[in-house]
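Listed in order, the protein sequences are those of chains A and B. Per our numbering, the very first residue in the first sequence carries number 1; after that it's consecutive. Per our numbering, the very first residue in the second sequence carries number 1; after that it's consecutive.
Hints are computed from structural coordinates only; laboratory data are not their basis. Treat the hints with care, since some could be wrong.
[To be verified] Partial chain A-side listing against chain B, Cβ under 7 Å, derived: (1) Gln39; (2) Leu40; (3) Leu83; (4) Leu85; (5) Thr88; (6) Gly170; (7) Gly208; (8) Leu209.
[Claimed, not checked] Straight-line C-alpha distance at most 25 Å; calculated SDA-like pairs for lysine to any residue: (9) A:Lys10 to B:Val534; (10) A:Lys10 to B:Pro348; (11) A:Lys10 to B:Thr383.
[Unchecked claim] Okay, the calculated bits of chain B under chain A, using three or more residues with CB under 8 Å as the criterion: (12) 133-142; (13) 503-515; (14) 526-537.
C-beta atoms are modelled at their ideal positions from N, C-alpha and C, and glycine is treated no differently.
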Amino acid sequence: MNNVLAIAQKELRSYFVSPIAYAVAAILISVSAAFQWSQLAFGVNQLQANLLGLFGPMQIVLVFLAPAITMRLFAEEQSSGTLELLFTHPVREWEIVIGKYLAALGLFLAIVVLTMWNVVLLFIFGEPDVGPLVTGYIGMIFTGAAFLAVGLMTSTFTRSQIVAWVVAIGILLLMLLLPQIATLAGPPVDVIVRYMGYSEHNTALIRGLLELRDVVYYLSFIALFLFLTERSLETRRWR
Amino acid sequence: MIGEIWETWKSIARPSLLLGVAAILIGFLAGLLFPGLSGYSQPLYIAGLILLGVGLVGSLESIRDLFVAPGARNSGVATLIILVFAGVLIFANALVFRSGLSLDLTANAAFTLSEQSRQIARQLGEPLEVTGFFSDDRAATREIAEALIRRYQAENPGQISYRFYNPSAEPGLVQQLGITQDASMVFQVADRRTTVTDHTEQGYTSGILRALAVEQKQVYFIVGHGEREYNDFRDGGMGNLTNALRNDNYAVSDLNLVTAGEVPANAAAIVIADPQTPFQAQELNALARYFNSGGRALIFYDGRAEVNLKPLLATYGINYSPLIPPAIVVDPQSIGGDGLTPAVQRYPVFNDITRNLQTTFFPRPGVIELPLPRNSFDGLPDTQQPIQPSAELGYPLRASLLAATSENSWLELNPDARPIVRNPTDPAGPFVMAVQMERFVPLGQARDPNEPQSLRMVVFANTDFAINQFVDVFFNKDLAVNSVNWLTGDQQLIAIRPRAPDNRFLFVSQAQVPFVLFSSIVLIPGLVLVAGGVVWYRRR
């Protein structure tokens with residue numbers, strides 16, 4: 001556990017001295033707020049007192065931004081040769097994976113906190129229902145955590161950060177289209193394929209319902225891709 | 001030859017992957033930013049998927065190598081490890097797939113089925129098959145529909161099953177089931193089916209009831225005396241109550257006793273809703289005959305308008321305070337703070353109508369007086385005593401007090417006085433605002449199952465609580481509809497009615513818009529960028 005925390009601490013520090021993290025954060029906060037409040041700019045003065053405008057498009061935004069957070073974690077180490085150096089230390093692959101993942105998650109959570117200015121605005125101008133706000137943020141955190149796991153995995157595939165970013169986007173977009181692909185099949189295959197897509201599991205969360213199956217799905221998603229990351233990393237060690 | 005093709009394929013794998021991502025990205029952005037180009041999105045998605053597929057197939061060896069450590073004994077062991085891990089996760093998800101375990105954090109429990117719906121689902125004695133037809137365009141509605149039907153299935157998983165189809169993929173089934181509208185759900189029990197397009201709990205519960213072929217009972221609203229209109233959806237009408245009755249599978253229509261002469265034999269109940277002009281003698285006689293032959297009546301009448309109804313009701317023990325008007329009821333336990341809209345939170349114990357109710361309120365009610373002695377402990381009529389009607393009924397009646405004002409209420413004899421304060425001469429409460437009348441059966445004695453249907457009557461000394469303006473507030477609607485359920489013997493329907501949607505809004509004035517937009521879209525992200533800029537500058 002000490003190794004995990006040490007790696008997480010080191011990576012988190014690296015994030016906060018990297019301009020890219022700030023750029024990603026600024027884009028995410030600005031774009032999400034634009035989705036939420038854009039109607040005001042078109043003369044609409046009465047809005048629904050919720051954050052559906054923020055939570056709804058958030059999955060699409062995170063498809064592109066979450067991999068940007070993780071793309072350097074392993075790709076940069078591979079291109080600079082420090083990954084081999086890391087392997088010489090008495091640290092296991094899963095500790096490296098979890099440590100780096102926690103750092104990415106920490107940055108993401110800091111960005112999520114900054115989006116809560118929108119919550120403050122809701123309470124200034126209305127009386128929102130708190131429940132959907134809570135579950136909406138749970139959904140956003142789960143989505144971000146899941147996408148970070150995918151980005152972490154693709155970061156182990158290549159020395160190029162851009163390639164890692166693009167491949168992660170490709171995987172996430174493919175999964176986004178699973179419900180459409182599901183319609184090509186009949187029951188029960190379509191049910192299974194649709195369940196595998198993450199978009200299916202956010203609808204209830206952004207409306208105030210926390211379902212066990214959604215929680216299990218996201219945790220499974222994260223576990224699977226972290227496991228694949230560890231597997232990928234182990235092959236690197238033994239090459 | 002094949003080897004050359006395969007080598008060529010592998011060489012184009014990475015460009016295909018990149019082009020595939022680019023195509024999907026362009027398709028997405030085109031649809032999002034330029035609605036006129038949204039028609040190109042789907043072809044771009046398809047092209048992107050094909051390119052991704054080409055790239056993935058060409059990268060199969062590389063993908064396999066990523067997960068198979070050279071140090072492993074053999075690739076099969078490594079693959080097995082991955083498959084086992086994935087299998088465990090799949091198993092975990094399969095376990096919870098049909099689970100209805102959830103936490104509803106909405107303020108109005110929007111995702112929690114009402115007790116009514118849960119009872120109906122649990123009591124299903126035959127399998128209910130639900131088939132949904134949703135095109136790709138209605139994917140969001142489909143998700144809402146599936147989430148909702150899962151709630152029902154969780155109550156009775158052995159009897160409720162559901163499937164979804166794309167209507168364009170199943171034209172034969174669409175025709176067989178008579179589907180004419182996208183986003184439709186068919187509820188079928190044995191050979192009885194009904195189609196539902198209202199994807200709310202009210203819509204689905206009503207659909208289940210219709211599929212069960214529960215006999216649709218007829219409720220008549222008496223008309224011809226300036227009553228509140230049952231199909232009027234303005235503030236003063238009763239359209240919302242009518243819709244609630246229809247959701248409980250009642251047929252609702254009007255009845256003019258002058259032209260009809262009698263209450264029809266198929267009447268499960270009649271409703272008299274705030275008459276303003278007098279009843280004719282023949283109408284009163286028709287009502288009396290109906291009541292005396294075991295009729296069922298829901299009466300909204302506060303006693304203020306002189307409509308010849310009081311003498312008829314008095315023969316059944318229902319009298320109205322002669323002090324109103326001009327006196328008004330004042331109750332410190334009121335909605336709105338002016339004391340003129342008494343709120344009720346305590347109800348008779350074990351009463352079918354008020355079971356599970358919480359707050360109801362009655363704007364400017366009248367007062368019902370019963371020919372019963374008052375209890376010494378609460379000042380209300382002693383309902384343990386029977387009422388001997390002077391009507392040709394043939395049996396005594398029992399009164400149950402559905403709603404009463406608080407013990408601190410009074411009748412203000414000088415309603416124009418300001419401020420309104422209680423004077424010693426003002427009669428003290430509590431006062432009865434609603435009463436339920438039925439055949440009197442002594443406590444401990446069972447009802448004779450062979451006795452003919454006896455009179456049931458629910459009288460509210462107030463109409464406003466059930467008009468559109470107020471009926472959907474707190475539990476007013478439940479009180480009114482529960483009354484009809486009790487009158488018609490549909491006790492199984494008496495439960496908390498599904499909540500109306502909790503639509504909350506915020507208002508941002510034009511002067512405040514720049515603050516909202518600037519602070520959220522520019523200021524905070526800008527501060528983050530500035531922090532990043534400082535970091536970058538220092539690193540230089």
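Right, here's what the structure says about each hint:
For the restraint placing Gln39 of chain A at the interface with chain B, the shortest Cβ-Cβ distance is roughly 10 Å, beyond the 7 Å limit, so the hint is violated. At a threshold of 7 Å, the smallest CB-CB gap from Leu40 of chain A to chain B is about 5 Å, leaving the interface hint in force. Interface restraint check: Leu83 of chain A against chain B, minimum CB-CB distance 15 Å, threshold 7 Å, status violated. Nearest Cβ of chain B to the Cβ of Leu85 of chain A: about 19 Å, over the 7 Å cut. The hint is violated.
With a least beta-carbon distance of about 16 Å to chain B, the hint placing Thr88 of chain A at the interface is violated under the 7 Å criterion. Of the supplied interface hints, the one on Gly170 of chain A holds, with its beta-carbon coming within about 4 Å of a beta-carbon of chain B, less than 7 Å. The closest approach between the C-beta of Gly208 of chain A and any C-beta of chain B is roughly 4 Å, which is under the 7 Å cut-off, so the hint is satisfied. For Leu209 of chain A, the shortest C-beta to C-beta distance to chain B is roughly 4 Å, which falls under 7 Å, so the interface hint holds.
With a C-alpha separation of about 20 Å, the suggested pairing of Lys10 of chain A with Val534 of chain B holds against the 25 Å cut-off. Between Lys10 of chain A and Pro348 of chain B, the direct Cα distance comes to roughly 67 Å. Violation of the 25 Å bound is thereby established for this hinted pair. Distance check on the hinted pair: Lys10 of chain A and Thr383 of chain B sit about 78 Å apart at the alpha-carbon level, beyond 25 Å; violated. Only residues whose beta carbon comes within less than 8 Å of a beta carbon in chain A count, and the stretch 133-142 of chain B has 3; three or more means the coverage holds.
Beta-carbon proximity to chain A at under 8 Å applies to 10 residues in the stretch 503-515 of chain B; the threshold of 3 is reached and the given coverage holds. Here's how the stretch 526-537 of chain B fares: 8 of its residues keep a CB closer than 8 Å to some CB of chain A, so the rule of at least three is met and the hint holds.
Of the numbered hints given earlier, the model fails hints 1, 3, 4, 5, 10 and 11; all others are met.
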